[in-house]
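Those protein sequence lines, which keep their order, are chains Y and R. If you read the first sequence in this note's numbering, its first letter stands for residue 11, the second for the next number, and so on. If you read the second sequence in this note's numbering, its first letter stands for residue 11, the second for the next number, and so on.
Take these hints with a grain of salt, some might be off.
[Claimed, not checked] Quick list of the computed label-pair ranges, beta carbon to beta carbon:
1. Asn80(Y) <-> Asn204(R): 53 to 59 Å
2. Glu181(R) <-> Lys14(Y): 56 to 62 Å
3. Met11(Y) <-> Glu181(R): 27 to 33 Å
4. Thr52(R) <-> Gly194(Y): 33 to 39 Å
5. Gly194(Y) <-> Gln195(R): 26 to 32 Å
6. Val28(R) <-> Gly194(Y): 42 to 48 Å
7. Gly113(Y) <-> Lys27(R): 53 to 59 Å
[Said to hold, decoys possible] Counterexamples of contact, computed for chain Y against chain R with all Cβ distances above 12 Å:
8. Tyr19
9. Val28
10. Leu55
11. Asn67
12. Leu106
13. Glu141
14. Asp151
15. Glu181
16. Lys193
17. Phe222
18. Val227
[As the list claims (entries may be wrong)] Non-contacting residues of chain Y with respect to chain R, defined by C-beta distances greater than 10 Å in every case (computed):
19. Leu60
20. Glu78
21. Lys95
22. Asp136
23. Gly194
24. Gly216
Bear in mind the hints are in silico, worked out from the structure with no lab data behind them. Just so it is clear, the structure is predicted and the values come from calculations on it, not from any experiment. Backbone N, C-alpha and C define an ideal beta-carbon position, used for all residues, glycine too.
There are 2 protein chains.
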Amino acid sequence: MLGKSQAKYIQSLGQKKVRDQEGVFIAEGPKIVAEFLSSSKTRILQLYALPDWIRANHKDCNGVELVEINEGELEKISQLATPNKVLAVIKKFEALSEIQTKGKISLVLETIQDPGNFGTLIRIADWFGIEQIICSNDSADLYNPKVVQSTMGSIARVNLFYTDLADWLQEQKDVFIYAAALKGQNVTAMKKINEGLIVIGNESKGISSSVFDLVDVRITIPGKGNAESLNAAVAAGIILSHIV
Amino acid sequence: MLGKSQAKYIQSLGQKKVRDQEGVFIAEGPKIVAEFLSSSKTRILQLYALPDWIRANHKDCNGVELVEINEGELEKISQLATPNKVLAVIKKFEALSEIQTKGKISLVLETIQDPGNFGTLIRIADWFGIEQIICSNDSADLYNPKVVQSTMGSIARVNLFYTDLADWLQEQKDVFIYAAALKGQNVTAMKKINEGLIVIGNESKGISSSVFDLVDVRITIPGKGNAESLNAAVAAGIILSHIV
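Using the sequences and the accompanying hints, generate a full structural model.
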């Protein structure tokens, strides 16, 4: 049974302001909830689930507050068009104090504001084994329900930091900074790297000039057609598949 | 000035049924309208535009019915969150009677239903110079306003056909059929091709077994991480960047 005030509370977590105040966010569906149940990055505070999900999964929920609800109640609290059996209220990740960039590849996102694109980029990073993403402060909110869902569980594995990007990049003197550009090295002819920062810019405006000035290696994805640009996530996927 | 019945008519073109009946669709914004004004694929029937757009572009609108409207009227008929100066009512493309597959690369989409993904795939095809896409009948509608907008103008250059995919692929005995699969040739080690059908499957279900049975060459995108799958458009972009 779901109390009225509980329902209201969960609904209010759709707003960034409330998520920030409470230090929690929500994730939905058996797949992503399973990722968080087995993740060491954070912990689930409450689970709201249908009886059949609870029957199948209660053994994996040790210690988590488990509330059995019916489909009508799930519909009320779900942010999805098609609610999917279980909703978790999860504690936000601990902010790491230091970002390590030596000896590994990091993805750097500037002003990616579309939640779907942002989530897809997290998923791509995870696919290629990239464990950390550094974002400009004006990027989408990691805890936005649309971002959480579109990562398809990768959010539980990839670390993400918000920072003043131009300032931060200026301090990264030990590692190369790579970025997609119209005139640069052909990505299909590039050698693999195992260290570096790969910058992906805003969907329509690209990379800002203050960040672009700091780029060491410009990368071009050759195209034959007339399309002006590729979607940011697609460009990232292509670059990573060639150089990682 | 925009008449009430005109406004209602344009709003109704958000529905597939009405678009099919009328044989028209809408596209919005200076960039995509400019693509259609210079395209030989179809023609614009009416343009609804703000005074400043008309002043700058009326010379390129030869023969097209041009209606000057104000911002409030544009807001009423626009399908965009942020209306963008001009809306065009456009005649649907002529259906070509025959699809040629020899000597070229075609993209084949099975059950891509998300309009944003569908549009992004059209844009990717255009980027890599692929001029035709064959889709299963249950794919998104090419003329859905969200699809039109997310192609960013590529819709004016790429030809798209709907068909019963398994039946049609069975008839394509002269060209190789490629598809992404978990166990296949490593995409980063593949040779370039200049002929073939590249199949991209549904976002969550992948390629159906009846289509998968017809695939000649299975392609794998190697990943290091734990993400289960890549977004369909990202996978398509990666495959095309390696083999086209």
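Hint check results:
1. Checking the proposed 53 to 59 Å range against Asn80(Y) and Asn204(R) shows it holds: the Cβ atoms sit about 57 Å from each other.
2. With their beta carbons about 60 Å apart, Glu181(R) and Lys14(Y) fall inside the hinted range of 56 to 62 Å.
3. Taking 27 to 33 Å as the suggested C-beta distance range, the pair Met11(Y) and Glu181(R) does not conform, at roughly 58 Å.
4. The hinted range of 33 to 39 Å is satisfied by Thr52(R) and Gly194(Y), whose Cβ atoms lie roughly 35 Å apart.
5. Roughly 28 Å separates the CB atoms of Gly194(Y) and Gln195(R), a value that falls within the hinted 26 to 32 Å.
6. One distance hint, 42 to 48 Å for the beta-carbon pair Val28(R) and Gly194(Y), holds here, with the actual separation near 46 Å.
7. For the pair Gly113(Y) and Lys27(R), the beta carbons lie near 58 Å from each other, so the given range of 53 to 59 Å is met.
8. Every CB of chain R is more than 12 Å from the CB of Tyr19(Y) (nearest about 29 Å), matching its label as outside the interface.
9. Every C-beta of chain R lies more than 12 Å from that of Val28(Y), the closest at about 23 Å, which supports listing it as non-interface.
10. Consistency note on Leu55(Y): stated as away from chain R, and its beta-carbon is indeed over 12 Å from all of that chain's, at 24 Å minimum.
11. Even its closest Cβ contact with chain R, about 18 Å, leaves Asn67(Y) beyond 12 Å, as expected for a residue assigned away from the interface.
12. Every C-beta of chain R lies more than 12 Å from that of Leu106(Y), the closest at about 19 Å, which supports listing it as non-interface.
13. A beta-carbon of chain R comes within 12 Å of the beta-carbon of Glu141(Y); the shortest separation is about 8 Å.
14. With a cut of 12 Å on Cβ distances, Asp151(Y) stays outside the contact zone with chain R, its closest approach being about 18 Å.
15. Its beta-carbon lying about 27 Å from the closest one in chain R, Glu181(Y) satisfies the requirement of being farther than 12 Å from that chain.
16. Chain R leaves Lys193(Y) outside its interface by the beta-carbon criterion, the shortest separation being 16 Å against a cut-off of 12 Å.
17. Here Phe222(Y) stays apart from chain R, with its beta-carbon at least about 21 Å from theirs, past the 12 Å limit.
18. With a closest Cβ-Cβ approach of about 17 Å to chain R, Val227(Y) is found to remain outside the 12 Å limit, as its non-interface label requires.
19. The claim that Leu60(Y) lies off the interface holds: its Cβ sits roughly 20 Å from the closest Cβ of chain R, which is beyond the 10 Å cut-off.
20. Non-interface status of Glu78(Y) relative to chain R is upheld: no Cβ of that chain comes within 10 Å, the nearest being about 27 Å off.
21. With a minimum CB-CB distance of about 15 Å to chain R, Lys95(Y) clears the 10 Å threshold, and the non-interface call stands.
22. A cut-off of 10 Å between C-beta atoms contradicts the statement that Asp136(Y) is not in contact with chain R; the least separation is 4 Å.
23. With a least CB separation of 14 Å from chain R, Gly194(Y) remains clear of the 10 Å interface cut-off, as annotated.
24. For Gly216(Y), the condition that its CB be more than 10 Å from all CB atoms of chain R holds, with the nearest at approximately 14 Å.
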